[in-house]
Structure formats: structure tokens, C-alpha cells
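J.: Spelled out, the chains give:
There are 2 protein chains.
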Amino acid sequence: MMKNSDMRAFFVNQGQIDPEKYIRVEYTFESLTQPDLVAAHLCQEMSTAQWKRVDVDEDFRPDFAAKVIALESEEINQPSCPSLAKTTLPDYQQVFRVNVIIAYPYQNFGTKIPNLLTVLCGEGVFHAPFISSIRLMDIHFPDNFLADFQGPQFGISGLRDMLDIYDRPILLGVIKPNVGLPPIPFAELAYQAWLGGLDIAKEDEQMSDAAWSSLADRSKLLGEKRALAEKETGQKKIYLANVTDEINRILPLHDIAVKNGANAVMLNSMTTGISAMRMLRKHSRVPITSHFDLFGAMTQIPFHGVREVVFTKIQRLAGMDIMVYPGFSGRLKTTEEDILASVQACTEQMGNLKTTLPVPAGSQWAGSLETLYNKLQSIDFGIVPGRGVFNHPMGPKGGAVSLRQGWDAVKSGTPIVEYAQGHRELQLAVEMHRS
Amino acid sequence: MMKNSDMRAFFVNQGQIDPEKYIRVEYTFESLTQPDLVAAHLCQEMSTAQWKRVDVDEDFRPDFAAKVIALESEEINQPSCPSLAKTTLPDYQQVFRVNVIIAYPYQNFGTKIPNLLTVLCGEGVFHAPFISSIRLMDIHFPDNFLADFQGPQFGISGLRDMLDIYDRPILLGVIKPNVGLPPIPFAELAYQAWLGGLDIAKEDEQMSDAAWSSLADRSKLLGEKRALAEKETGQKKIYLANVTDEINRILPLHDIAVKNGANAVMLNSMTTGISAMRMLRKHSRVPITSHFDLFGAMTQIPFHGVREVVFTKIQRLAGMDIMVYPGFSGRLKTTEEDILASVQACTEQMGNLKTTLPVPAGSQWAGSLETLYNKLQSIDFGIVPGRGVFNHPMGPKGGAVSLRQGWDAVKSGTPIVEYAQGHRELQLAVEMHRS
Numbered sequence: 001m002m003k004n005s006d007m008r009a010f011f012v013n014q015g016q017i018d019p020e021k022y023i024r025v026e027y028t029f030e031s032l033t034q035p036d037l038v039a040a041h042l043c044q045e046m047s048t049a050q051w052k053r054v055d056v057d058e059d060f061r062p063d064f065a066a067k068v069i070a071l072e073s074e075e076i077n078q079p080s081c082p083s084l085a086k087t088t089l090p091d092y093q094q095v096f097r098v099n100v101i102i103a104y105p106y107q108n109f110g111t112k113i114p115n116l117l118t119v120l121c122g123e124g125v126f127h128a129p130f131i132s133s134i135r136l137m138d139i140h141f142p143d144n145f146l147a148d149f150q151g152p153q154f155g156i157s158g159l160r161d162m163l164d165i166y167d168r169p170i171l172l173g174v175i176k177p178n179v180g181l182p183p184i185p186f187a188e189l190a191y192q193a194w195l196g197g198l199d200i201a202k203e204d205e206q207m208s209d210a211a212w213s214s215l216a217d218r219s220k221l222l223g224e225k226r227a228l229a230e231k232e233t234g235q236k237k238i239y240l241a242n243v244t245d246e247i248n249r250i251l252p253l254h255d256i257a258v259k260n261g262a263n264a265v266m267l268n269s270m271t272t273g274i275s276a277m278r279m280l281r282k283h284s285r286v287p288i289t290s291h292f293d294l295f296g297a298m299t300q301i302p303f304h305g306v307r308e309v310v311f312t313k314i315q316r317l318a319g320m321d322i323m324v325y326p327g328f329s330g331r332l333k334t335t336e337e338d339i340l341a342s343v344q345a346c347t348e349q350m351g352n353l354k355t356t357l358p359v360p361a362g363s364q365w366a367g368s369l370e371t372l373y374n375k376l377q378s379i380d381f382g383i384v385p386g387r388g389v390f391n392h393p394m395g396p397k398g399g400a401v402s403l404r405q406g407w408d409a410v411k412s413g414t415p416i417v418e419y420a421q422g423h424r425e426l427q428l429a430v431e432m433h434r435s
Numbered sequence: 001m002m003k004n005s006d007m008r009a010f011f012v013n014q015g016q017i018d019p020e021k022y023i024r025v026e027y028t029f030e031s032l033t034q035p036d037l038v039a040a041h042l043c044q045e046m047s048t049a050q051w052k053r054v055d056v057d058e059d060f061r062p063d064f065a066a067k068v069i070a071l072e073s074e075e076i077n078q079p080s081c082p083s084l085a086k087t088t089l090p091d092y093q094q095v096f097r098v099n100v101i102i103a104y105p106y107q108n109f110g111t112k113i114p115n116l117l118t119v120l121c122g123e124g125v126f127h128a129p130f131i132s133s134i135r136l137m138d139i140h141f142p143d144n145f146l147a148d149f150q151g152p153q154f155g156i157s158g159l160r161d162m163l164d165i166y167d168r169p170i171l172l173g174v175i176k177p178n179v180g181l182p183p184i185p186f187a188e189l190a191y192q193a194w195l196g197g198l199d200i201a202k203e204d205e206q207m208s209d210a211a212w213s214s215l216a217d218r219s220k221l222l223g224e225k226r227a228l229a230e231k232e233t234g235q236k237k238i239y240l241a242n243v244t245d246e247i248n249r250i251l252p253l254h255d256i257a258v259k260n261g262a263n264a265v266m267l268n269s270m271t272t273g274i275s276a277m278r279m280l281r282k283h284s285r286v287p288i289t290s291h292f293d294l295f296g297a298m299t300q301i302p303f304h305g306v307r308e309v310v311f312t313k314i315q316r317l318a319g320m321d322i323m324v325y326p327g328f329s330g331r332l333k334t335t336e337e338d339i340l341a342s343v344q345a346c347t348e349q350m351g352n353l354k355t356t357l358p359v360p361a362g363s364q365w366a367g368s369l370e371t372l373y374n375k376l377q378s379i380d381f382g383i384v385p386g387r388g389v390f391n392h393p394m395g396p397k398g399g400a401v402s403l404r405q406g407w408d409a410v411k412s413g414t415p416i417v418e419y420a421q422g423h424r425e426l427q428l429a430v431e432m433h434r435s
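First to last, the protein sequences are chains A and B. Residue numbering for the first sequence follows the working numbering, beginning at 1 and increasing consecutively. Residue numbering for the second sequence follows the working numbering, beginning at 1 and increasing consecutively.
Hints were generated in silico from the structure; no laboratory data involved. Please note that the accuracy of each hint is not assured.
A pair holds if it fits inside one copy or across any two, identical chains being indistinguishable in the list.
Calculated cross-link-like contacts (lysine-lysine; reagent style DSS-like; alpha-carbon spacing at most 27 Å) [claimed, not checked]:
| no. | residue 1 | residue 2 |
| --- | --- | --- |
| 1 | Lys86 | Lys397 |
| 2 | Lys52 | Lys397 |
| 3 | Lys375 | Lys86 |
| 4 | Lys354 | Lys21 |
| 5 | Lys220 | Lys52 |
| 6 | Lys375 | Lys282 |
| 7 | Lys259 | Lys220 |
| 8 | Lys282 | Lys220 |
| 9 | Lys236 | Lys282 |
| 10 | Lys220 | Lys354 |
| 11 | Lys259 | Lys375 |
| 12 | Lys52 | Lys282 |
| 13 | Lys21 | Lys259 |
| 14 | Lys236 | Lys3 |
| 15 | Lys3 | Lys220 |
Make a model of the complete structure from these sequences and hints.
T.: Structure below.
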């Protein structure tokens with residue numbers, strides 16, 4: 001264990017540091033011994049683990065150590081995961097729940113996403129001694145740090161300009177069936193949904209450049225159908241192609257898809273690395289969406305891992321225009337508080353970065369518009385049903401019509417179920433949702 | 001809920017499928033209702049969520065659905081994380097612990113790592129309905145799948161050839177202090193450790209191409225010191241440079257470091273994306289190491305997330321020669337069973353792929369060699385102390401000597417503490433470890 005004199009070097013008053021030089025990081029952890037000492041060990045492990053050479057009079061902590069600027073703790077009866085506590089410290093006697101705010105000097109690594117994740121979510125944090133579980137709760141960047149990032153290219157207002165829609169939420173739909181359906185009928189489904197009033201036809205996160213549906217073939221057909229749908233409806237439409245692939249294939253696939261008529265692209269960004277999104281942002285001239293694969297492994301345990309809002313913020317830095325993430329449904333296993341924290345992270349002031357359109361997703365249908373509008377109290381969001389549009393009894397066109405009717409209901413202040421009575425597509429959607 | 005007739009399409013007897021077309025995936029999950037039905041939903045969500053178009057007589061499940069090939073379950077008293085169960089299904093009545101083996105048709109996406117992670121650890125898995133927590137336990141690839149991957153370029157035998165060491169474990173050390181120490185004294189520390197008998201001087205996962213220590217400056221000095229150490233000792237030495245950075249900087253940094261004399265490189269591969277390692281493997285002619293940042297957020301909860309062995313295997317596919325990962329110490333929060341599973345995943349037959357050197361790491365010193373040799377029953381491993389070498393009272397040279405003495409003790413069958421009596425460096429290491 002660290003000596004008391006050493007411990008003090010890992011604490012500082014907020015007023016004593018230059019806020020432009022530090023990232024503020026919030027953790028909640030369970031400590032198996034004295035909280036302030038354990039917080040100091042955490043800071044040590046995530047920065048200057050050994051702060052001097054043997055037999056040299058020096059100390060790297062003033063400039064390079066992570067430092068606690070706020071700490072509160074309470075003793076609790078037992079750890080949230082007793083088996084993990086036993087592995088960590090077999091003979092622990094006490095457990096504390098500790099909230100800390102840590103100031104991290106980002107000169108340690110600069111303004112690079114992989115290195116940021118290394119210090120915030122690395123060995124130093126998840127394997128710090130005497131900590132049985134730890135959750136990265138939030139992160140706040142100084143403007144100096146933010147200035148090195150491009151952020152979203154379009155943001156909410158750019159997306160609205162692209163679609164020429166200013167008075168309602170954006171209607172996305174995940175084209176289904178997807179896995180197994182060849183490009184020709186796949187493109188036809190998107191076309192039908194566009195005709196019905198869908199704004200953005202989005203490829204599923206599981207879609208890829210596969211032998212049974214190459215992105216080249218698929219995007220050509222979707223691009224043609226998008227042009228046709230725009231002509232027939234007089235409305236702007238977006239085809240959102242999934243370009244998730246090995247790192248060296250992302251930009252080539254982007255180029256193929258965009259040349260063929262995709263006017264937005266998606267990355268499953270934790271599976272490629274969020275840095276790949278930053279690379280794509282530098283290259284692309286179309287909006288970028290993210291899908292949340294791999295997040296569940298980190299975000300769902302309430303006392304461990306990483307709170308989703310952290311990834312929302314880092315992806316906004318990286319250039320994400322549209323944030324698809326777990327929304328209001330038990331299946332999505334995300335609390336209302338966490339969902340709304342990500343909405344705020346998408347839209348709040350963040351240096352000079354543009355905003356990101358929040359799309360709290362999962363198991364949606366026309367009726368979800370009511371929920372989303374009530375929870376968010378804003379029209380600046382997207383909805384992204386899959387089966388709710390594409391498995392509609394009248395097909396994707398009817399499904400898309402039901403979305404438009406759903407919004408009409410919300411706009412007129414009429415409950416969905418009541419409004420549905422005079423609107424067949426919405427009525428069928430209500431019945432499908434009930435069954 | 002799915003109908004019973006639909007459910008059956010997600011079950012198959014192992015003998016009915018071509019094993020070369022399927023990845024076998026093992027999950028353990030907690031189910032809030034009927035286990036077989038929930039397993040079918042899991043398969044549905046991770047593959048063909050909607051398996052037919054409206055009003056079309058078709059079924060994509062035979063060719064494209066994930067399918068359960070084995071299932072066992074038992075009712076348990078309560079979920080491991082009750083709050084998560086309540087979010088998932090507020091009025092749950094029963095809880096089952098379920099083990100399944102699922103056959104996944106990899107033609108769905110091909111042989112690409114981000115897309116593999118999408119299906120195995122994506123929305124379909126971590127947000128499958130009626131599942132309150134789920135852990136990806138293991139994965140088994142058919143030879144057809146493996147054939148598309150290069151795997152390690154060197155493997156254990158290639159590393160041994162490089163170092164000309166055939167009769168003992170490989171001695172790595174993490175150069176410390178690291179964060180804050182300028183390149184000149186940093187290189188001197190590595191030099192001293194090499195003189196003392198260290199084989200591989202490794203940069204910490206927090207080292208980067210930073211303003212206060214550019215990789216260009218640092219690697220030039222380290223490269224020179226490596227050549228000098230080889231000349232003075234007559235032994236082969238490795239300098240392992242950390243090239244973790246934004247995606248587009250990884251290959252340029254690799255080139256700079258290798259040109260300057262780095263003869264191995266490291267990626268913090270989950271922070272860059274494992275695909276970045278595959279990219280690096282295609283480009284590089286030196287061994288590649290991985291560090292386990294971000295894994296703790298996914299691997300530590302025993303009933304949720306991803307078991308480390310899965311990442312071990314995927315990184316071996318990607319080309320990892322040396323696997324640094326959490327080893328035998330409470331702080332590392334990893335069970336002995338899981339540590340040994342990764343050792344096996346590094347060294348077992350896996351198509352025609354070369355092996356990976358396992359380095360179960362964390363808080364190590366000379367005495368850890370005894371533990372490692374006893375647990376692994378092999379000399380095919382690495383040890384990687386940081387402070388155990390570089391904070392040794394006699395400095396890094398003495399620290400490295402203590403490692404050599406530690407191995408001499410193991411080789412002679414003498415307990416470390418006993419052997420230390422005649423060996424000053426080891427004696428001091430024992431005393432430092434005790435304090």
C-alpha cells in the first residue's frame with residue numbers, strides 16, 4: 001500500500017490546476033479498503049505508476065499524474081459482485097461505494113482516441129488494486145482538447161437541410177429482411193418504404209460486403225431506387241449504407257457506396273474501433289452513423305464497465321452525425337436516465353462541435369414516436385423501426401405510412417390508439433404491436 | 001413471443017450441418033422465461049431477425065439463421081444482477097441459467113473481424129429479449145474460416161529463433177518510469193535492463209507518440225541502445241515499441257520505429273480495434289504484441305460480457321505473436337481457469353496458424369517465475385514485470401539480474417526464497433516484494 005505522504009500527491013483542489021490542460025473523468029467504484037487511499041492508487045495506475053527512477057531525486061506526479069479533485073464515499077453492506085470482490089482481495093473486511101472526479105492531464109498522450117481509451121478504460125482502471133468493480137460514468141473535455149477534433153460534419157441542422165425537413169423527427173427504418181435477402185428484392189423494400197414516407201432507409205448492423213450481397217451490387221440498386229423515390233415523391237431521401245469491414249476496406253467501401261448513390265454511411269464503430277470513424281470523417285462528404293455493437297458487454301452492468309454517455313461523447317468527437325443507441329424498451333436494458341444523458345451529450349454545447357442526431361432505438365413502431373416525443377420534449381430525434389415498418393401487414397410502404405400517421409397523431413395531440421381509428425396503416429400497426 | 005413452430009427452425013442436430021460452414025459459439029445467459037424459447041430468440045436476433053418478406057413464401061432460416069446445437073439449463077433462485085433483470089422484464093417470475101452452443105453460418109458476413117464481433121457481441125446478443133445477462137464464453141472456428149487469416153508471423157518458435165533462447169521462458173520488462181520521463185533517460189533504463197539479462201524491453205501501454213516523448217526520438221535512442229546492449233552482452237535483444245495511435249498513424253509509426261531499431265511492436269488492440277492488428281500484421285515484418293486495455297470492462301463480471309479467451313483467439317487470428325493479458329494476481333481479477341484457457345488458446349492447434357507466446361501479466365517480479373512455471377508446466381511463456389525490474393533497489397540492471405536468478409532457482413528446483421540467500425539481486429527482490 002502507498003504511504004500517506006505519497007497519497008497526497010494524487011489529490012488536488014480544482015482551483016489549483018489549469019482546466020484547459022485536464023480532462024475531467026467521473027468514476028464510481030467499490031473499494032475494499034480506505035477510499036481515499038484506493039482512489040490515489042487508481043490515479044497512480046492510470047498515469048505515472050512509477051513516478052521516479054531509483055536513486056534519482058525527481059517526481060513526475062505534479063505534471064503527469066491523474067489527480068482526484070472530488071471524492072465521496074459511503075460504506076455499503078456487501079459488494080455488488082461478491083465473487084469478484086473475493087478474487088480481488090480474498091480477506092476483505094469492508095466495502096465502500098466511492099464516487100470520484102479525476103483530473104487527467106491529457107498531454108500524457110495528446111488528443112488521440114485509442115490512447116484516450118487506454119488511459120480511461122485500460123489496465124490502470126479496470127485492474128487497479130483494492131477495487132472490486134468500477135464504472136466510468138462520464139467525461140468532460142476542455143475546449144483546447146476539443147479543438148483538435150472535427151466532430152460531426154452535418155449535425156442535426158445539416159441533416160435537416162439535406163432532407164428539407166424542419167418540423168418533425170427524422171424517420172429512419174432498418175431494411176428487413178436483411179441477412180439472406182439478395183440485393184434486388186432488398187432494394188425494392190427500401191423503395192417501397194421511401195414511397196410510403198420513410199426519410200432514411202438504413203442497412204442493418206449485420207449487413208456487410210458479403211458474397212450473397214456485395215456492397216457494390218447492393219448500393220448500385222439502392223442508389224437507383226433512391227433517385228426514383230425522390231423523383232416520385234418530390235421528397236429528399238437518404239440511403240444509409242453499412243461500410244463496416246476490416247479497417248483497410250472501410251474507405252474503399254465508402255467510395256463504392258457513395259459513388260453508387262449512398263448519401264450516408266454507418267460504422268459499427270466499437271467493432272472497428274472508434275478511431276476508424278475519425279478516419280472516415282476526414283475522408284467522407286456524407287453523414288456518418290454509428291451502431292452500438294459491443295457496447296452491451298461494457299454498458300449494461302450498473303456497477304461496472306462504461307456508461308454509454310461516454311461513448312456517445314467520444315463518437316461525437318470522432319464525427320458521428322447520427323447516434324443509434326439503446327432506447328426505451330426493456331429489451332434494450334438501459335435506464336431512462338442513461339438514455340436521456342446520451343440525448344444531452346448529442347445536443348449540448350461541446351466546444352465548436354456540431355450536434356449529433358440522437359436515435360434511441362430498439363423494437364420501435366409508429367407508437368414509439370409518442371414515447372420519444374414525450375420523453376425528449378423535442379422534435380430533434382430520429383426513430384428507427386425495423387420490423388415495425390418492414391413487417392407491417394401492408395408491407396414496407398404501409399409501414400412507412402403508419403410512421404407518418406403516428407407523427408400526425410402526436411402533432412395533433414391525439415393518443416395513437418385513438419388517431420388510428422381513422423387511419424388504416426396506423427390501425428394495423430397498433431394491432432401488430434399488441435399481438 | 002415466438003410461436004413454437006417458429007422456434008424449431010432455430011434448433012438443429014450437430015450432425016445435420018456442415019461443420020466447415022459454421023462457427024461454434026458458446027454462451028451462458030440468465031433467462032427470465034422458458035430457456036429453449038429464449039435461446040431461439042437469441043439466435044433470431046443475432047442472425048435473420050425477420051426471415052421473410054410480407055406476403056412472400058420464403059424462409060431464410062435454413063441457410064442464414066444461427067442455430068442452437070446444444071442447450072442445458074437449470075432454474076436458479078435469483079438473477080446475478082437483480083436490477084438488470086427488473087429493467088429487462090419487470091414482472092419476471094423465474095430465472096434460469098442456460099448454457100448454449102450455437103452454430104453460426106459465417107457466410108452471413110465472411111471472414112472479417114469487425115463483422116464477426118458485430119454478430120457475436122452485438123445488439124442481437126446483448127439486447128436479446130428475456131435475457132438479463134449474457135456472457136460469450138468461447139468460440140471455435142472451422143479450418144475453412146481460419147484459412148483466410150495469416151495468424152502470427154513468428155509464433156513461439158520464431159520468437160525463440162529471434163532471441164536464440166530455447167531452454168527457458170522469455171523475460172520481458174515494462175520500462176518504468178514511463179509517463180513523464182524524456183527519451184534519453186528512458187532509453188538508458190532499457191539499456192541497463194538489457195545488460196542485466198532482460199530479453200525484451202517493452203514500452204508501457206500508456207506510452208505513445210507524445211509531445212514530451214515522440215516515438216521518432218525515443219525509438220532512435222532505444223534502437224541505438226539495443227544494438228549496444230547486443231554488442232556488449234553477445235545476446236539477442238528486442239525493443240518493443242508501442243505504436244498505438246489513431247488508425248491512420250499506426251503504419252507510419254511502425255515504419256519509423258522499425259527503421260530506428262524497434263524489432264517488435266505493440267498495439268492496445270481493443271482501443272484501436274482488433275482489425276488494426278490484422279492490418280499491421282499484413283504490413284509488418286516484426287513480431288506484434290497486444291495489450292489488454294478495455295478488456296476489463298467486458299471480461300471481469302463472471303456472468304456477463306465476454307470471456308477473455310475469445311479475445312485471445314481472435315487476436316491470434318489477427319496475427320498476435322505475444323499475448324500480454326491479466327495473470328495470477330488478485331489485482332488482475334481473473335480466475336486461474338480463465339488464465340489457463342487463454343494459455344491453451346495461444347498454443348493449441350488452430351488450423352495452420354502459428355502459436356502465440358502467452359504472457360499472463362501484472363504485478364510481477366522474479367518470484368512470479370515460480371508461480372508461472374508451476375501453473376503452466378511449460379517454459380513456453382513470458383514474464384513481464386514493470387516495477388519488479390525497474391524499481392529494484394539496484395536499478396533496472398539489478399532487477400533484470402534478479403529475474404535471471406529467479407529462473408535459475410526454478411530450474412534447480414530450489415524455492416526462490418532459499419536460492420535468494422546466496423544471490424544479492426534476488427534477495428533484494430524478495431525483500432522488496434515482501435515490503
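J.: Indicate, hint by hint, whether the structure satisfies it.
T.: Status of the hints after comparison with the structure:
| no. | hint | result |
| --- | --- | --- |
| 1 | Lys86 - Lys397 | neither (56 Å within a copy, 36 Å between copies) |
| 2 | Lys52 - Lys397 | between (68 Å within a copy, 16 Å between copies) |
| 3 | Lys375 - Lys86 | between (41 Å within a copy, 20 Å between copies) |
| 4 | Lys354 - Lys21 | within (22 Å within a copy, 45 Å between copies) |
| 5 | Lys220 - Lys52 | between (60 Å within a copy, 23 Å between copies) |
| 6 | Lys375 - Lys282 | neither (34 Å within a copy, 48 Å between copies) |
| 7 | Lys259 - Lys220 | within (8 Å within a copy, 43 Å between copies) |
| 8 | Lys282 - Lys220 | within (24 Å within a copy, 30 Å between copies) |
| 9 | Lys236 - Lys282 | within (25 Å within a copy, 42 Å between copies) |
| 10 | Lys220 - Lys354 | neither (31 Å within a copy, 41 Å between copies) |
| 11 | Lys259 - Lys375 | neither (38 Å within a copy, 56 Å between copies) |
| 12 | Lys52 - Lys282 | neither (40 Å within a copy, 38 Å between copies) |
| 13 | Lys21 - Lys259 | neither (42 Å within a copy, 33 Å between copies) |
| 14 | Lys236 - Lys3 | neither (65 Å within a copy, 39 Å between copies) |
| 15 | Lys3 - Lys220 | neither (66 Å within a copy, 37 Å between copies) |
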